[in-house]
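> Residue-level listing of the chains:
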Amino acid sequence: MQAFTTLTGIIAPLDRADVDTDQIIPKQYLKTIQRTGLKEGLFADWRQRPDGSPDPDFFSNQSRYQEAPILLTRDNFGCGSSREHAPWALLDYGIRSILAPSFADIFYNNCFQNGILPVVLSTQEIQTLFNRVLNQDTYQVTVDLVQQIVLLPEGECYSFAVDPFRKDCMIKGIDGIGLTLEHELAVSAYEKRRSQEAPWLFQDQRR
Amino acid sequence: MGSQTLFEKIWNQHVVREEPDGTTLLYIDRHLVHEVTSPQAFEGLRLAGRSPRRAGATLAVPDHNVPTTDRSQGISDPMSALQISTLENNCAEFGISYYGMQDIRQGIVHVIGPEQGLTLPGMTIVCGDSHTSTHGAFGALAFGIGTSEVEHVLATQCLVQKRPKTMEICVEGALPDYCSPKDVILAIIGRIGIGGGIGQVVEYTGAVIRSFSMEGRMTLCNMSIEAGARAGLVSPDEKTVEYVKGRPLSRQGEMFERAKKAWLDLKTDSGATFDHLVEMRGEDIPPQVTWGTNPGMVTDVNGRVPNPADIDDEKVRLATQRALDYMGLQPSIPVCDIQIDRVFIGSCTNSRIEDLRVAAKYIQGKRVSGKVKAMVVPGSGLVKQQAEQEGLDRIFREAGFEWREPGCSMCLAMNADVLTPGERCASTSNRNFEGRQGKGGRTHLVSPAMAAAAAVAGHFVDIRDWA
Chain A
0 MQAFTTLTGI
10 IAPLDRADVD
20 TDQIIPKQYL
30 KTIQRTGLKE
40 GLFADWRQRP
50 DGSPDPDFFS
60 NQSRYQEAPI
70 LLTRDNFGCG
80 SSREHAPWAL
90 LDYGIRSILA
100 PSFADIFYNN
110 CFQNGILPVV
120 LSTQEIQTLF
130 NRVLNQDTYQ
140 VTVDLVQQIV
150 LLPEGECYSF
160 AVDPFRKDCM
170 IKGIDGIGLT
180 LEHELAVSAY
190 EKRRSQEAPW
200 LFQDQRR
Chain B
0 MGSQTLFEKI
10 WNQHVVREEP
20 DGTTLLYIDR
30 HLVHEVTSPQ
40 AFEGLRLAGR
50 SPRRAGATLA
60 VPDHNVPTTD
70 RSQGISDPMS
80 ALQISTLENN
90 CAEFGISYYG
100 MQDIRQGIVH
110 VIGPEQGLTL
120 PGMTIVCGDS
130 HTSTHGAFGA
140 LAFGIGTSEV
150 EHVLATQCLV
160 QKRPKTMEIC
170 VEGALPDYCS
180 PKDVILAIIG
190 RIGIGGGIGQ
200 VVEYTGAVIR
210 SFSMEGRMTL
220 CNMSIEAGAR
230 AGLVSPDEKT
240 VEYVKGRPLS
250 RQGEMFERAK
260 KAWLDLKTDS
270 GATFDHLVEM
280 RGEDIPPQVT
290 WGTNPGMVTD
300 VNGRVPNPAD
310 IDDEKVRLAT
320 QRALDYMGLQ
330 PSIPVCDIQI
340 DRVFIGSCTN
350 SRIEDLRVAA
360 KYIQGKRVSG
370 KVKAMVVPGS
380 GLVKQQAEQE
390 GLDRIFREAG
400 FEWREPGCSM
410 CLAMNADVLT
420 PGERCASTSN
430 RNFEGRQGKG
440 GRTHLVSPAM
450 AAAAAVAGHF
460 VDIRDWA
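Chains A and B, in that order, give the protein sequences.
Here numbering that gives the first Met the number 0 is used: the first residue of the first sequence is 0, the next is one more, and so on.
Here numbering that gives the first Met the number 0 is used: the first residue of the second sequence is 0, the next is one more, and so on.
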């Protein structure tokens, strides 16, 4: 996983609430057995008009947002299906941070597994950012995970919360499995104790 | 310890260690795996030279991609075929139990877990699938995870988690006749919204919930994720114990009796508190129909589609208008005037034997409307077999329904079962998102009884009058 410390870049706006992962990447792109090359599927149904031509209003069809590493959106982003193909597709497109008033739980977790930083800001802060992004062609901010702030070009500074553990893993780009494996003794001790308390949980099936 | 909620009891029993910031290493008892969200996880294990910590705690089944028509010819879509053979090969390589497409036990992962007795009260259960919340019906803490976490559980049998908050949703009283658990969960989502449960584990309580069968509780907990909740729970009781008794992967003899005692203790203590409380009355829940593009866009069957002009909040108004445009619906029309083209009875929400029995009751001796194409997709090979033993397949076929092989099918349309653009479907599934059942397809979520009646009438009907 790529580490995340600070990121400065253009914001791409997606002014919709409750964007579900079926929209972020529709089902026809889930048949892959790999995790790369998924940007083809990113918002595949929303990028196009019903006749199949590109929708010029959609952010990914606008040249000014081609290099945008930050996505700005509304409440409950990433709801629905647990498909990690959603953050994989965003990452493949180049998105490294998403700003929203709230995120769906599974999607939020999945972002941290892939070096994408989801940032929860207040509804009002998100609205201010939308106003500025829509009035300025290439509006840039800095997302600073170390200091837990989003720095606006006007000098304003929005702070955000993040779990210390997740922050540490993101800054170091750590593989979470490796960390858990370091606790092997604790896991074995748990299993030993628990298999005496509740042995019915430890009768495994045979293949 | 003080008074604890059911959730807190299960959580505390599974804490391996806790960081100072509350980040918890949580032990996972059971892991279900399907073909769509696992190939990259197995590949990750291979690349890192790791192997599953407890292969015997894991069960795999293909369900999302499988064809629901004749399987003797295999799978015609090469991408789907590759995904399924990849799962089969991974299970062979890593020693994981696998129910293949020709196995009678194959079916939707959230149907077969309980059916086989893999799902037991008090467990932690995960799967790379958001509808893992289904298993909460047994008083198990069950939630969906991403593929990275699938790999994490395979390698370590643990997950790194932050303790969620808790919500009690209490439904007292009694449901009106002809109403079902599906109507209750749709009404709950309509009430709290599709983000209302974010960051929380819901415990469902009250007389209405207690009255539900185990299958009804599964329908209820299944759609907890549609309210944004991390998981849903119903505390175990005698019905739970009776359901799990004697199932192939359940416990036997003395071990069962010992487990039973522990299971019946899994209750929220009096005096324990939740972070949030929602109270509803069963009498206030008539049959529900969704009109929009998320499960919170729902109303009573005798209600009307909303009119954006009546909505003050600009964001809600625009979202409503957008949903109506996608759904091809005029504002303010009565729900019962909505004409349908397709009916889908199936999915991890409503494809169990009780669902099929109810639906069959509504169509017995009747014919599917001439303009409607209707299908039933049982949740598993065993559900299909039982339905056939009871003669339900004959009732469906004689009414004009197609009777299919088990799988996820048109709930998410990853196989050949797809709506064409503009087609309108009464569906017993769980998501009415844009394009969910096929690009441009229009989904209305309803109960099995409502779907069956709509198939016959060609439009939605209030089954309380119709029956």
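Read the hints as simulated data drawn from the structure, not as lab findings.
In this text, all values refer to a predicted model and were calculated from it rather than measured experimentally.
There may be inaccurate statements among the hints.
Covered by chain B, according to a simulated footprint, are these stretches of chain A (three or more residues, beta-carbon under 8 Å) [what the hints assert, rightly or not]:
(1) 23–35
(2) 98–111
(3) 148–157
(4) 185–193
By construction, the Cβ of each residue, glycine as well, lies at the ideal position given by its N, Cα and C atoms.
> Now tell me, hint by hint, if it's right for this structure.
Against the structure, the hints come out as follows:
Given a C-beta distance limit of less than 8 Å, the hint that chain B covers the segment 23–35 of chain A holds, as 9 residues qualify and 3 suffice. Using a Cβ-Cβ cut-off of 8 Å, 7 residues of the segment 98–111 of chain A lie near chain B, which meets the minimum of three, so the contact claim holds. Check result for the segment 148–157 of chain A against chain B: violated, 0 residues qualifying (beta carbon to beta carbon below 8 Å, three or more required). Interface restraint, the segment 185–193 of chain A with chain B: holds (5 residues with C-beta to C-beta distance below 8 Å; minimum three).
Checked against the numbered hints above, the structure breaks only hint 3 and satisfies the rest.
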